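In order, the protein sequences belong to chains A and B. Going by this note's numbering, the first residue of the first sequence is number 280, and it counts up by one from there. Going by this note's numbering, the first residue of the second sequence is number 61, and it counts up by one from there.
Worth flagging that the hints you see were computed from the coordinates, not collected in a lab. Note that the structure is a prediction, hence the values are computed from the model and not measured. Some hints here could point you the wrong way.
[Claimed, not checked] So, partial list: chain A residues that the calculated Cβ filter (under 10 Å) puts toward chain B: (1) 288; (2) 313; (3) 317; (4) 331.
[Unchecked claim] Derived DSBU-like pairs (lysine-lysine); straight-line CA-CA distance at most 35 Å: (5) 347(A) to 117(B); (6) 74(B) to 143(B); (7) 117(B) to 328(A); (8) 340(A) to 328(A); (9) 340(A) to 131(B); (10) 130(B) to 328(A); (11) 130(B) to 69(B); (12) 328(A) to 69(B); (13) 131(B) to 69(B); (14) 117(B) to 74(B); (15) 131(B) to 117(B); (16) 117(B) to 143(B); (17) 143(B) to 131(B); (18) 130(B) to 74(B); (19) 131(B) to 74(B); (20) 130(B) to 117(B); (21) 69(B) to 117(B); (22) 328(A) to 347(A); (23) 69(B) to 340(A); (24) 328(A) to 131(B); (25) 69(B) to 143(B).
Glycine included, every Cβ here is placed at the ideal spot set by N, Cα and C.
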Amino acid sequence: AQSVTQPDIHITVSEGASLELRCNYSYGATPYLFWYVQSPGQGLQLLLKYFSGDTLVQGIKGFEAEFKRSQSSFNLRKPSVHWSDAAEYFCAVGDSSEDYKLSFGAGTTVTVRA
Amino acid sequence: DGGITQSPKYLFRKEGQNVTLSCEQNLNHDAMYWYRQDPGQGLRLIYYSQIVNDFQKGDIAEGYSVSREKKESFPLTVTSAQKNPTAFYLCASSRRQIWDEQYFGPGTRLTVT
Numbered sequence: 280a281q282s283v284t285q286p287d288i289h290i291t292v293s294e295g296a297s298l299e300l301r302c303n304y305s306y307g308a309t310p311y312l313f314w315y316v317q318s319p320g321q322g323l324q325l326l327l328k329y330f331s332g333d334t335l336v337q338g339i340k341g342f343e344a345e346f347k348r349s350q351s352s353f354n355l356r357k358p359s360v361h362w363s364d365a366a367e368y369f370c371a372v373g374d375s376s377e378d379y380k381l382s383f384g385a386g387t388t389v390t391v392r393a
Numbered sequence: 061d062g063g064i065t066q067s068p069k070y071l072f073r074k075e076g077q078n079v080t081l082s083c084e085q086n087l088n089h090d091a092m093y094w095y096r097q098d099p100g101q102g103l104r105l106i107y108y109s110q111i112v113n114d115f116q117k118g119d120i121a122e123g124y125s126v127s128r129e130k131k132e133s134f135p136l137t138v139t140s141a142q143k144n145p146t147a148f149y150l151c152a153s154s155r156r157q158i159w160d161e162q163y164f165g166p167g168t169r170l171t172v173t
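Bound-form chain A, shown alone (with noise of 0.2 Å):
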């Protein structure tokens, strides 16, 4: 089974600083991977995902992720944070042998100070 890590339970980044959040997963084929957001007391939204092609992929919001797969990983990137930005931040991996099931990472919760 497939299982996702979010080593960052809190982060605190500076508006117009750049972020990053890690993610790494393990599973034994090629990954579906997804990042949503998730404002309090709200659902998630969909930031963007990965299953196939190039390796950076570009979202909304200005948010970007790059999958690597020597490192198991597929890190959120944003070049300079908005204060809209303070939100709860979730990788998910898809396994296409298990019924398009999602897992979830923990969760990473980013905080922006002026």
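Fit chain B to the given chain A structure using the hints.
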């Protein structure tokens, strides 16, 4: 406007009572999911359904039950057998393809005292 609705947003119950959480989608998606979210634990899958009249247990199904009588609806019942039911519950739906995203509802926060 297509999407997923969950009601109510906040729900309070006394211990020992069963409670049903509503989830409706108008995205014409075949698959629907229920997750439980607790602080620091991410999302854990309770039940999922790929087609009408069929559903499977997820990772933490004990103390929960579901039905899928209509494509649009996937209600979750939290029974009195669930030992720690207070949590944030999220419903999601997707097409039945692994690379398609899951669309999430706004969630229901259940508090049992």
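Verification of the hints:
The restraint placing residue 288(A) at the interface with chain B holds, with a minimum CB-CB distance near 7 Å, inside the 10 Å limit. The restraint placing residue 313(A) at the interface with chain B holds, with a minimum CB-CB distance near 7 Å, inside the 10 Å limit. Checking residue 317(A) against chain B by beta carbon gives a least distance of about 8 Å; that is within 10 Å, so the hint holds. Interface restraint check: residue 331(A) against chain B, minimum CB-CB distance 8 Å, threshold 10 Å, status holds.
Restraint check for residue 347(A) and residue 117(B): the C-alpha separation of about 32 Å stays at or below 35 Å, so the hint holds. For a cut-off of 35 Å, the pair hint linking residue 74(B) to residue 143(B) stands: about 13 Å separates their Cα positions. A distance of roughly 26 Å separates the Cα atoms of residue 117(B) and residue 328(A); the hinted pair therefore holds under the 35 Å criterion. This hinted pair checks out: residue 340(A) and residue 328(A) have alpha carbons roughly 14 Å apart, not beyond 35 Å.
Between residue 340(A) and residue 131(B) the alpha-carbon distance is near 32 Å, which keeps this suggested pair within the 35 Å criterion. Only pairs whose Cα atoms come within 35 Å are accepted, and residue 130(B) paired with residue 328(A) is accepted, the gap being roughly 29 Å. As the CA atoms of residue 130(B) and residue 69(B) are separated by approximately 22 Å, the hinted pair is consistent with the 35 Å bound. As the CA atoms of residue 328(A) and residue 69(B) are separated by approximately 28 Å, the hinted pair is consistent with the 35 Å bound.
For the suggested pair residue 131(B) and residue 69(B), the alpha carbons sit about 22 Å apart, so the restraint of at most 35 Å is met. Restraint check: the Cα-Cα separation between residue 117(B) and residue 74(B) comes to about 26 Å, which is no more than 35 Å; the hinted pair holds. Taking the CA atoms of residue 131(B) and residue 117(B), the gap is near 18 Å; set against the 35 Å cutoff, the hint holds. Restraint check for residue 117(B) and residue 143(B): satisfied, since their Cα atoms lie roughly 17 Å apart, inside the 35 Å limit.
Our distance criterion of 35 Å between C-alpha atoms is met by residue 143(B) and residue 131(B), whose separation comes to about 30 Å. A threshold of 35 Å between alpha carbons decides the hint, and for residue 130(B) with residue 74(B) the separation of about 29 Å falls inside it, so the pair holds. Distance restraint check for residue 131(B) and residue 74(B): the Cα-Cα separation of roughly 31 Å lies within the 35 Å cut-off, and the hinted pair is therefore satisfied. With a CA separation close to 18 Å, the supplied pair residue 130(B) and residue 117(B) stays within the 35 Å bound.
Note on residue 69(B) and residue 117(B): the hinted pairing holds, with a Cα-Cα distance of about 24 Å set against a maximum of 35 Å. Note on residue 328(A) and residue 347(A): the hinted pairing holds, with a Cα-Cα distance of about 14 Å set against a maximum of 35 Å. Restraint check for residue 69(B) and residue 340(A): the C-alpha separation of about 27 Å stays at or below 35 Å, so the hint holds. For the suggested pair residue 328(A) and residue 131(B), the alpha carbons sit about 26 Å apart, so the restraint of at most 35 Å is met.
With a CA separation close to 22 Å, the supplied pair residue 69(B) and residue 143(B) stays within the 35 Å bound.
Violation of the numbered hints given earlier is absent; every hint is satisfied by the structure.
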